[in-house]
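Asker: Sequence:
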Amino acid sequence: MDAVDRLINDAVNSDHPLIHWDMYTVLRTAADDRINEIESKLIARLSQCNPDFLDRELKQADNNITDFYNRIAIKCLLLRSSRRFWDAITQANELKRTLANAYNRIINAIAQDLEDRFLPYEAARVRMNLGQQFPADYPFSSLISNNNFHNLSPVSNLCQMAIESISESELLLESLDEIQITKQETL
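Counting from 1, one number per residue, gives the positions in the sequence shown under UniProt numbering.
Hints were generated in silico from the structure; no laboratory data involved. There could be a bad hint or two in this list.
Listed below are the simulated SDA-like cross-link pairs for lysine to any residue, each with C-alpha atoms no more than 20 Å apart in a straight line [as the list claims (entries may be wrong)]:
(1) K59 / L46
(2) K41 / T66
(3) K41 / A31
(4) K41 / N64
(5) K41 / K96
(6) K41 / W21
(7) K96 / M128
(8) K96 / D62
(9) K59 / D87
(10) K41 / N9
(11) K59 / S47
(12) K96 / W86
(13) K96 / T66
(14) K96 / Y69
(15) K96 / L130
(16) K96 / N70
(17) K96 / F68
(18) K41 / T29
(19) K96 / N9
(20) K96 / D67
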């Protein structure tokens, strides 16, 4: 694995980082924690790159990587480097049925990325994709736990919660109106 580390480090640390499209073919033989360690180094370097470079690499991955797992894993790596975590989750979802272990590893890695950025709420929402319960002491925990809001981006999630809150308020107002009408009729 040392030779692989050198190859990856040399390519990524060059002036214009080079991502080996077949990198994950080799990394598949490594333990999950080793893959996560290598990815963390890659993300640290790639996140310093111009966003246009990362977008170009993302498009090239679609066009140049024929292996399904390699393509999804590389795209998730690039999206995580761009801090586009929910887009990375969308990509990882393609692995869910056929490569469940890879899916679980990537989702856990994304959740860890979010925790490392002091976003434990988002990390908990991401982990719900793996069947973990949303912490009961977090804000809106009952709403998140009882609905499918954990799959939405943060902005979509907030909008959905606002809609739910408005709907609940409207129902409450309707109930109050009915109570007042009933009360007036009995007087």
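Asker: Holds or violated: K41 and K96, Cα atoms, limit 20 Å.
Answerer: violated (25 Å)
Asker: Is the straight-line distance between the alpha-carbon of K41 and that of A31 20 Å or less?
Answerer: holds (16 Å)
Asker: Are the Cα positions of K41 and T66 separated by 20 Å at most?
Answerer: The hint is violated at about 25 Å.
Asker: Below or equal to 20 Å on CA atoms is what counts here, so check K59 against S47.
Answerer: holds (17 Å)
Asker: Could you grab the alpha-carbon distance between K41 and N9 and see if it respects the 20 Å cut-off?
Answerer: Given that 20 Å is the threshold and the Cα spacing comes to 8 Å, the pair holds.
Asker: Against the 20 Å threshold, does the CA-CA distance of K96 and D62 hold or violate the hint?
Answerer: holds (19 Å)
Asker: Next pair to validate is K96 with N70; report whether the Cα-Cα distance is within 20 Å.
Answerer: OK: K96 and N70 at ~14 Å, within 20 Å.
Asker: Are K96 and M128 close enough, with their CA atoms no more than 20 Å apart?
Answerer: Status holds; Cα separation ~14 Å.
Asker: Is K96 within 20 Å of Y69, Cα to Cα?
Answerer: Distance of about 11 Å is within 20 Å: holds.
Asker: Compare the distance between the alpha carbons of K96 and W86 with 20 Å, and conclude whether the hinted pair is satisfied.
Answerer: It holds: about 15 Å lies between the C-alpha atoms, which stays within 20 Å.
Asker: Compare the distance between the alpha carbons of K41 and W21 with 20 Å, and conclude whether the hinted pair is satisfied.
Answerer: holds (17 Å)
Asker: Holds or violated: are the alpha carbons of K96 and N9 at most 20 Å from each other?
Answerer: violated (29 Å)
Checked against the numbered hints above, the structure breaks hints 2, 4, 5 and 19 and satisfies the rest.
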